[in-house]
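> Residues per chain are reported as follows:
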Amino acid sequence: MTTYKRVSGDAVEYEVFARKTRAEPLHQVGSVVAPDDDLAVAYARATYDEERWCEMAIVRKEHVIELWQPGEP
Amino acid sequence: MSLSDLVLSIADNKQMLGLRYAEWATRAPSLEADIAAAAMGLDDLGHSRVLYGCLEPLGEDPRGLDRESDPESLRALPYFDEPWSEWAQFVAANAILDAAFTVMIEACVNGSVEVLQHRLRKMLIEERYHFLHGRSWLRSGINPEPLNHAWREAIEWFGPPDGEIAALHKGGLLSMGPPHLRTRLEEQLETRAPKLQIDWKSWDGVRRRGRPGAIDRRTFEMLRGLDERKPEAV
Numbered sequence: 838m839t840t841y842k843r844v845s846g847d848a849v850e851y852e853v854f855a856r857k858t859r860a861e862p863l864h865q866v867g868s869v870v871a872p873d874d875d876l877a878v879a880y881a882r883a884t885y886d887e888e889r890w891c892e893m894a895i896v897r898k899e900h901v902i903e904l905w906q907p908g909e910p
Numbered sequence: 008m009s010l011s012d013l014v015l016s017i018a019d020n021k022q023m024l025g026l027r028y029a030e031w032a033t034r035a036p037s038l039e040a041d042i043a044a045a046a047m048g049l050d051d052l053g054h055s056r057v058l059y060g061c062l063e064p065l066g067e068d069p070r071g072l073d074r075e076s077d078p079e080s081l082r083a084l085p086y087f088d089e090p091w092s093e094w095a096q097f098v099a100a101n102a103i104l105d106a107a108f109t110v111m112i113e114a115c116v117n118g119s120v121e122v123l124q125h126r127l128r129k130m131l132i133e134e135r136y137h138f139l140h141g142r143s144w145l146r147s148g149i150n151p152e153p154l155n156h157a158w159r160e161a162i163e164w165f166g167p168p169d170g171e172i173a174a175l176h177k178g179g180l181l182s183m184g185p186p187h188l189r190t191r192l193e194e195q196l197e198t199r200a201p202k203l204q205i206d207w208k209s210w211d212g213v214r215r216r217g218r219p220g221a222i223d224r225r226t227f228e229m230l231r232g233l234d235e236r237k238p239e240a241v
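These protein sequence lines are chains A and B, in that order. In terms of the numbering used here, the first sequence has 873 at position 36, counting the first letter as 1, and numbering is strictly consecutive. In terms of the numbering used here, the second sequence has 49 at position 42, counting the first letter as 1, and numbering is strictly consecutive.
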């Protein structure tokens, strides 16, 4: 039986954002894990390309600045 | 050799590349890499269909009746004759050979033939993701043997400096000839090809490969839709 890993090497998590029309805002469609930006781009495209997005972008999760989290006031 | 022969060579190679990518869709080092292998396989099989579809408007279809019965009638590189047994072979094909085919497609798109300008342009966009995937894995370091193997076959596939590809470039049908194609590939990959001695006298100019051979009969029948891949016994 195959044992699946998310990534080999140093893993960085990326959030994937996309939208179908210019009128709608970008929203999070998922995440990928990759050791660098190039591979993250390739993985995001391969994983989330099933819909006709007019825009897709990825951002390193560590670069997202959180104001508060669930459960915090 | 005509431009149709070249387009058929790109099509046959992309068909085999797509098949070999797909074989790794459950064997790559990570789940993301599995998905990427499947997606790239689908892309390249799709590209091969578009390329076969260009043969008729080009006015000359070099496919003979032997393509129904003879695996050696296919014009794919020796690199695709056997399934890849290690991930490094996948990476070398992805980084070097897939990029070499893309550089040739770029030469077609920027050449003077309208049908190729229009129909092949979208491939360049899709191939950008294959390139990023291959280059990233290449940078992570792989066994040099398949890498040298892939470089040799890419340079052989571009052909001799004074061969038919050079003539197609001279006639304006392609925007690049063999030396430019090689330089463009090296620039993209930010690396130099290894020093290679190529015996052009024994090189097969129709199949664009340096040694004889072909895929096995079963794979050939599967490509023709006459056989199915059976699950391996556990």
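A hint or two may mislead.
Calculated from the model, a selection of chain A residues having no Cβ within reach of chain B, i.e. all distances over 10 Å [claimed, not checked]: (1) D875; (2) D886; (3) R897; (4) V901; (5) P910.
If we take Cβ atoms under 10 Å as the criterion, some of the chain A residues that face chain B in the derived model are [to be verified]: (6) A871; (7) A877; (8) A883; (9) T884; (10) V896; (11) E903; (12) W905.
Partial pick of chain B residues on the chain A-facing surface, computed with a CB cut under 10 Å [stated by the list, open to error]: (13) A44; (14) M47; (15) W91; (16) S92; (17) G118; (18) S119; (19) V120; (20) R135; (21) H137; (22) G141; (23) W207; (24) R218; (25) G220; (26) A221; (27) I222; (28) F227.
Rather than coming from a laboratory, the hints here were simulated on the basis of the structure. Where a beta carbon is used, it is the ideal one built from N, C-alpha and C, also for glycine.
> Was A/R897 rightly flagged as not at the interface, with every chain B Cβ beyond 10 Å?
Per Cβ check, A/R897 is outside 10 Å of chain B; nearest 15 Å; holds.
> If you take the shortest Cβ to Cβ gap from A/A877 to chain B, is it below 10 Å?
9 Å, holds
> Is the interface hint for B/A221 satisfied, with its Cβ closer than 10 Å to some Cβ of chain A?
Violated, because the Cβ-Cβ distance from B/A221 to chain A comes to roughly 30 Å (cut-off 10 Å).
> Against chain A, is B/G118 within 10 Å by beta-carbon distance?
28 Å, violated
> Would the hint on B/R218 stand, with a C-beta cut-off of 10 Å toward chain A?
32 Å, violated
> Tell me if the interface restraint on B/W91 is satisfied: Cβ within less than 10 Å of some Cβ in chain A.
17 Å, violated
> Say whether it holds or is violated: A/V901 keeps its Cβ farther than 10 Å from all Cβ of chain B.
20 Å, holds
> Is A/P910 truly not at the interface, in the sense that its beta carbon sits beyond 10 Å from all beta carbons of chain B?
37 Å, holds
> Would the stated hint for A/A871 survive a check requiring a Cβ distance to chain B of less than 10 Å?
6 Å, holds
> Under 10 Å, Cβ to Cβ, is where B/I222 needs to be relative to chain A, so tell me if that hint holds or is violated.
25 Å, violated
> Given A/T884 was flagged as interface, is its beta-carbon under 10 Å from a beta-carbon of chain B?
5 Å, holds
> Less than 10 Å between beta-carbons is the criterion; does B/G220 satisfy it with respect to chain A?
Hint violated; B/G220 Cβ to chain A Cβ min 30 Å, cut 10 Å.
Checked against the numbered hints given earlier, the structure breaks hints 1, 2, 10, 11, 12, 15, 16, 17, 18, 19, 23, 24, 25, 26, 27, 28 and satisfies all the rest.
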